[in-house]
Every structure is written in C-alpha cells, then in structure tokens.
Amino acid sequence: MLSIKDLQVKIGDKSILKGISLDIKPGEVHAIMGPNGSGKSTLSHVLAGKEGYTITGGSIEIEGQDLEEMAPEIRAREGLFLAFQYPVEIPGVSNIYLLKAALNAVRKHQGLTEVDALDFLALVKEKIKLLGMDEKFLYRSVNQGFSGGEKKRNEILQMAVMEPKMCIMDETDSGLDIDALQIVAAGVNSLRSEKRSFLMITHYQRLLDYIVPDVVHVLADGRIVKTGGPELALELEQKGYGWIGQVE
Amino acid sequence: MASAVSSLEKYLEEYDEIKSTLPGQGLDWLVQLRQQGLDQFSTQGFPTTRDEDWRYTNVTPFIKKSFQSVLAKPSTTVLPEQMDHYYVPDCWQVVIVDGHFSNTLSKLDGLPEEVVVMALSDALIKCPDKVKSYLGQAVENEDHGFIHYNTAWFSEGLFVWIPQQVKMKQPLQLVHVVTQENVATATRNLIVAEAGAEGVVIESYFGSQAQAYLTSSISEVFVAENAHLTLYKLQNEASKALHCSGVYSQQEKHSTFNYLDFSFGGLIARNELHVNVGFAAACDLNGLFVGSGRQHFDNHTWINHLQPRGSSRELFKGILDGRARGVFQGCVKVFEDAQKIDSEMHNHNLLLSDNAEIDTKPQLVIYADDVKCAHGVTVGQLDDASVFYLQSRAVSEEEAKNMLTFAFANEMVDQIKVSSFKSYILALLLQKFPQGGIEQEWL
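Those sequence lines, one after another, are chains A and B. Quick note on numbering: the first sequence equals residues 4 to 251 in our numbering. Quick note on numbering: the second sequence equals residues 44 to 486 in our numbering.
All the pointers check out, no bait thrown in.
In silico lysine-lysine, DSS-like type, Cα no more than 27 Å apart, as pairs: (1) B:173 / B:296; (2) B:460 / A:139; (3) B:475 / A:111; (4) A:53 / A:28; (5) A:198 / A:132; (6) B:210 / B:175; (7) B:116 / B:53; (8) B:173 / B:212; (9) A:139 / B:465.
Computed Cβ-Cβ distance ranges for the label pairs, DEER-style: (10) B:157 / A:142: 39 to 45 Å; (11) B:323 / A:138: 36 to 42 Å; (12) A:54 / B:473: 25 to 31 Å; (13) B:427 / A:122: 30 to 36 Å.
Counterexamples of contact, computed for chain A against chain B with all Cβ distances above 12 Å: (14) 11; (15) 64; (16) 114; (17) 182; (18) 245.
Just so you know, the hints here were simulated from the structure itself, not pulled from any lab data. Heads up, the beta-carbon is just placed ideally off N, CA and C, and yes, glycines get one too.
Next comes chain B alone, as it looks inside the complex:
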C-alpha cells in the first residue's frame, strides 16, 4: 500500500513539472477540466485488483515503476524510412511519436477541405470551440483512474471531424509510436461523424523496441444521426509495454458504429469499450486477441441500449498460448424504455497450452420486457477430430493445428472491409505462426 501511494505521489510531483508544457494552456475550460482530472486521479490513483472491473488485471507492479511523462524527456527524431512498416497503404496518416504530433511524418495530401483532420494540439489552437463541444463529453459519466490520468496528462491526440453528409474516400490511420524506454504517453482522440457522414478510422499503436512504457489512450467517438463510422484498432505495442485504452462512443438515431480490434502486442493490454446506442442505431463490436508468453489481454465492453429498436452484435475471439492470460467481460444493458432491442454477444476462446488462462464473463442487464438478447461463451482446445481429418488428407499434425488456429483467427480478419488493412493485419497474424504451414495465399 505504502509503495502504491509513493508511486502515485511521484506521478503527481511530476505533473507540476510538465503541466505548463501541456497543450491548451490558454483555455480556461480545459485547464479546469484537467484540474478536475488531476484531483480525481490524486484521490483514486490507478485502478487496482480491489476494483471489481480490474479483478483479473493487475497493473500495480507495472505502474510502480513510475514511468516518466514523455513531456519531461527530450523528443526523438524518427526518420521517415523507420516509419514505413507502420503505414497501412492507401490511407491518410496522422503520426504521433512519443506523444508528439509529427507533421513531416504525417500524410494528409488530398484530404477533402471540408473534413477536419489534425493533431489535437493544433485543433486546440485553430478550433478550440469545436474541441470544447466534444472533449470530455463521451467520458463525462465514467469514473476510473486511467480516464482521470488521461484527462490531466494528455499531450496530444487525433482530431477528426467529418461534416454532414460527407463520405471520406479513404481511411484515416492514426499511427502512434513509442520509441523511448520507461516513458508514459497519454493521448486523447476525438472522432466526430456529423449527420449522414461516413468514415473509416484506423487507430494503430506500435512500439519500436522490446521495452517497457505506458500507453494511455482514450478515444471519444460521436456518431450523429444516420452517420456510419468504422473504427479499426490495432495494438501491436512493444513486448514489455502496458497499453490501456478506452473507446467511448455515443450513437444517435439510425447511426451505425462498427468497431474491430486486433490485440497482438504488449505485455499487458487493457481495452475498454463503452457504447451508448441510440434509437434504431446499430453497433457491431468485434475483437481478436492473440497472446503467448506471459502476455495479458483484457477486454471490457459495455453496450448501453438507451433507446428502443437498437441492435448490437459483439464477437470477441481469443487465442492464448504459453502462459498467456485473457479476460473478457461484456455487459449489455437494456434500459427501461428501450423496447425491441436485438442484441447478441459472443466470446470464443482457444487455449493452445495447459498454462494459458481465460476469464470470461458475459452479462445481460435488462430492464425492458420486449427484447431479444442472446449471449454465448466457449473455451476450448483444437478439436482432435478436425486435426485427424486434416492429417488423413496428408497435412502434418503441426500444420493441421496451425491451419485450424489460423482459421479460427481468420474469421475476424475477414471482417475487415478495407483491403489494404486486411492484408496488413493478415501479414502480422502470419508472423504469429512461425511454425509455418500457412500460406500467404489463403484462398
């Protein structure tokens, strides 16, 4: 306990040093918002396993290392050629390296004029009022240490605003890279699709080396009436990183929000996903986590049906090898007047070793009486009958197992509608199968 307090104090002491360098200094509302975040963080600290929602994910030993804010460190220079393998082809790119926006590494040529895509620090200078109407709004009623920390500390982020009826012609990729050791980065992304707008955003998180650091990222997503937004997220952090992210989405009527998450990297990765679904709105939330060694993946999702006639679909799949551990908690809540809700939630897990572990907990909380809600969870190993069937077709046992594991994962890759991103994810996934037997040309 004493050490937890002292590490918290270290974070607070450091804040005094860096706060004057945070963006948005001249904006009273933001200074106030950050102060509120700081106050709440100083009372709560980071979540511990005593919090029900963090029972299976212990970040305390990690946090104790008291990572230094990237703002307290000199910035690094990254050459464009070092970035190449992070770019998904045929996308616009906004690049954040070690918590700072890089104009030279970003690629926004040909972006339609009416669409606003910029670093959050820029937006706070160029269109602060626009930022004010969204920042903090989607997380307003949420209360946990990582959000408060993020509100107080965020140094940068992505600001996307797609005006009414505008359809973005190609996806926008946020490339978030950490190159330094023992640093903490905090970013806040705001993604807004106005009425009837359409867009695809890819959030991608990378670490350049096998080192420890903290990534705290929060995305606030606003999908207005009849808007259609797709958010892909790729977490491929360095092998000792702690990645804590939250996506908080507000959906208005007849909108759709599709979310698809790929968690491959990091040592501990926590994803939170909170979606408020409006009248006759639809959300589709999916994810794949592939872990080995001592990796730990935690997916917590909340879907709130606040209005009638909404629908939600959710499928998270996990593949765990070695001593990897996974957590899935999904909660679908249907509020009292939200009739005619159609909801399905599934979590399927494949354990490839005796020491891998998954803790999974689907929850339905229903206050309306005319709804259709289903959920299902499976935890299993590769099916012996399937392995034998493939062997009887001349495929070696190892290849057969790889094939089946890959097929299990590929169902999620198949959901990607952007072909360049699909190839990108497929290549990363194939790296997870070093034993071979899986051909690129997965017909």
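Next up, chain A with everything else stripped away, as it sits in the complex:
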C-alpha cells in the first residue's frame, strides 16, 4: 500500500528525516512511536504534501505511484488521508459542505458520479452515528469552537466519509480523555479492513491499547531504530525512550 524507501527530508538546512524505510501492506496497522523531536510530525506532513519541506533523497509510493509529484488534493483523491494532530478551525465553511465537497472530489477522481444532496445526507447521518456525534455538528463551521475530543472525532468522521485506503493518524490520542479515546478508537476499528491500511503516529502507548497495531516502529533522531510487534510498545511504555539509546 505505502512504500517509503530511504526517505530524507530537510527543513531549511536542517536534516529532520535521515533515511526512513517503511512498507505497509494492505490491511496492516503500523505504529510509529518516538520522543519529541524525532521527526514524527514531519513524516506525517511530508506524506500529506505540506509545503516547507525538502525531500533530499529516497522515495514514497502509494500503490506503486510516486507520491512526491502529487499535489496534496491529488494524494487525498488517491486515497491518502491525514488525521491532523491539530485540526484547523475554518469559520464560515460548514462541516457538511466540506464533507460533501471532499467526497465528491474523491468520487469524481475515481470516475464515479457525484452524490446528490439527499443520498449524501443519508450517508453522512449513518457515519456520524459511528462517532457518537450529534447531527448538529454537521451544520457547524468546521472545527470552530469544537473541544479537543470533538475535533478528533470530526477527523475520523471525515475519514469515514472519504473512505481512504491509507490513513495516517498524527497524535490522534493527544488531548483526549479516556472516554473520547475509546469512541475515537472504536470509530477507527470499525474502519479497519483488509484493503485499508493505517499508520498511527504517537508518543504514548495508550492509544495502541485500543487500536492494536500489527507492527511497531521506533523513530529516534530521524531514523527508525527498532521494529517489532505490539509488545514493543509496552516495553517502551515501561522503560521510556532512553532505553532505545542504551540498546544502541
């Protein structure tokens, strides 16, 4: 699904990612854990196509297609989805309008007909139940005045509507209390399928109790220093990130 080979990224003159390789197969859930400043957020931004980063080496492919040349919206239409760590508030653009614009852009790209207003409403009402959100959220401006938990749920709602192939979740657990975390995790778990892959970027192991990954990678100073199964996350939780340095 997603294949990253020896990816090197700079911000200005500073090297942030120093050769990352990852291979995520369809249906797999990978987690990337790492301390602050290890390059986790840079990786998620580069994958989504944010400006301000220079790729100096390596490659990123989604289902064999080179991602680097694609504009962010094309990546999204090709099935790549980033759930933001800090979702942006967009006053004046209603949630439902954005959801509809997003879904139809994806469908058009895939050669499908656009969904009309009625069908769309039925579809989105079904998805919103999944996230335990009130329908009122649909008519509010995107993320405006939402609590931290509501913003994260809204990200998952967008994901549920757009039905991407490759979901990248950037610190989805940050700022969530335990109830919100369970709802978000349940939403994500319901979207897991043989054809959909996930990359969860997180500082803490907590989220991985609810969304159990197939593979865990540890990122430190721009490199993947260790890869293992879900038990690696537990080990990190107990011993902290200092332990990784000692092993090396």
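Start from chain A and add chain B according to the hints.
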C-alpha cells in the same frame, strides 16, 4: 487648482439652467434650503484629498469631467422587463431611473394605507409639511461638499413614513438605476419610523452599462422611541461610476437601527454613515465590500453616543483583489454624560493580491468614564494552514481559496434576515467567484 475651480464653475453654471425644473419650486423653505446648499457648495466645492476625511479618496479627477445633471438631459424609457433583475422578490418597490421616479415601474400594491411611501417629489406636493419637518434635519450639523451639492441638486428621492406602532409586513426596496452616460444624479431619501413602528428598507443602486456617471445619494433616517428600523444597502453601480452616499440616522430612546451595506460595484464608492444614538438605543452597523481591478471603496462611519445606556456594534469586512483599494474609518464618540455605553467596532480585511491596499483607522473618542468600548482591526491573507487542511480533504487549491474567501464574506450575508434579499445578495456574491468551486447550495 485652476481646473478644479473651472469644473466647479461648470456645475454652478449648469445649476442656473436646471434649477427651475427641480421639485418643490413653490416651497419657500425648500428654495431657501437649496440656496444655502448652493452657496456652501460654491465656496467649498467637492471634497479633495486635502480634507482629512478624504485623504485616501481622491474624487477630483472624476469630478473634473463635469457630469451633466440628468435634469438637463431628455429622459429615457426603460421597459419593465429590463428592470426584472433589479427587483428583490417579495418587496414593495419604488423605482427611480436616471433621477426620475417611475410610477409604472414601481410596485406598491397592498401597501397598508396608513404607511406613506412615495417619491419625494410627490411628497413635496401631497404632504410638504411632513417633508419639511424631516428634510435637512439629520444632516443639519454636517458640513461637506457632497451634502451641499445634494441639497441644491436633488431631483428625486424616496419618502417613507411609518406611523406609530405600525409594522410593515414586507420590505420596501428603493431601486435606483442610471442608464445614461456622463450624467450626475442626486437623490435625497427620507425614512421615518414613528414611535413603536417597525420596517425594513432596502436601498439598491445599479447602473445599466459599463459607463461613467455620478450617483449622489443622501438618506436621512429618523427612528423614534421604541421603533425598530433595518436599512439594507446594495451598491452595484456600473463599473466606471462614482457613488457617493451618506446615511444620517437619528435614534431616539429604546430604538434600534440595523444597517447592513454591500458594496460590489462602481469604480469609486464612498459611503458615509453617521448615527446619533439616543438613550438605551442600539445600533448595529455592518458592511461588506468586495473589490477587484482598480475599484476603490471608502467607508467612513461615525457613531455618536449622546445619551447613556446605548449600545453599538459595528463590523465591516473587506475583500480586495487586483489593484483594488479600501478605506475604513470608524469613529465612536461617547459624549460626557453618556455613561454605561457598550460599544464594539471591528474591521477585518482580506487582501487577495500583493497590489491590493487597505487603509484602516478605528477611533474611539470617549468623554464619559463608565463605558465599555472595544475595537479591533485585522488585515491579512488567506491562512496557508487552512488552505492545506482543505487540500488534504481532496479540495483543489483554487477551490480551497475560493471557499475560504467566500466563507469570509458569507458571515455578512448570513446577517440578512430577509430571505429573498439574502438569496439576491448571495447570487451577486457568487458572480464574484467566477473561478467556481462554490456551490449555490451553501449548506
């Protein structure tokens, strides 16, 4: 300087030719009022950039063209079907074409008998005393060239008088259309809401083609005790027009005055808004200007809190593209005994190009000590993080920018409480986004 004087003389010479055709000839008080206006205009002329309040808006090159008063030209015939797209549905209409009231194009069926709605020229014949008690009263202490010009030259206008406790069931639209080139029109509107009355008036200004002309319009608004008046204004003049308008409102105690302005057209458009707020009265003044090319929009507003316990809210938003330029000056003045005033003034501007410019100046002048006054101004571009967020949701960059720009403007459209007018404005606004990406069904 010499040319400015000579153009002024041209206007004055022309006045001699047209003055006998102005309405209200038999009314001494009006003849006198016009003469005073003319005298002051002949000393002052039109404002220039040397006047502090006109520093950023230079009308001199425009005025030099010496537009001919519409009264000196033969009138044009406009067919009803040419007017259709100017009418806001579900409103009564008073239509003024090239400075003349048109009875056939106006639609006043079903207007309650007790409400007086007519052309000012009619009112000067049918109820001159009523007109006398309002005309010139709200602008009495104001002193600038455009008011004096308007007082001397006005050929027509709208007269609205809503008696005590009467609530108008639907809005009244003034449709002001200019069809001729190089003409000057001057209209004076009087809008009166007596005690406890309620009404909505829409002033709309259009030009039928891409031509140069001058629209001078002054509205004097009187909102009596416990009355509630809403005034919407749409300026969608032809692309080379100069639009100079002033709204002067007098509010008595416990009244409310809501004003919402949409400036889309014209080459240069100057809006002045003067509001005197009485005891425990509230005013809400808002505006949106959307400019591109070389359009120039100037909004000058003054809110005077003369009495205690009043409140005022003001929000003007500007969107400027190309080489368009905007000016906002807002002044809130709280007089010495006007305690417990609650006032907020905001101006937010979105510059879409490197060559667009906004000059904005909020001012608070406070002589009372127990008041709550706030003001804020922002000038910015579209937020990159928001554009990226929308792109990450499959929306193209161009569409994302349109969406954000439209959302910025839509906050003002959302304030319109008359649904037919809201749809009308929305359609006009959508025409401003030819790149597409904004769907009619803005949910």
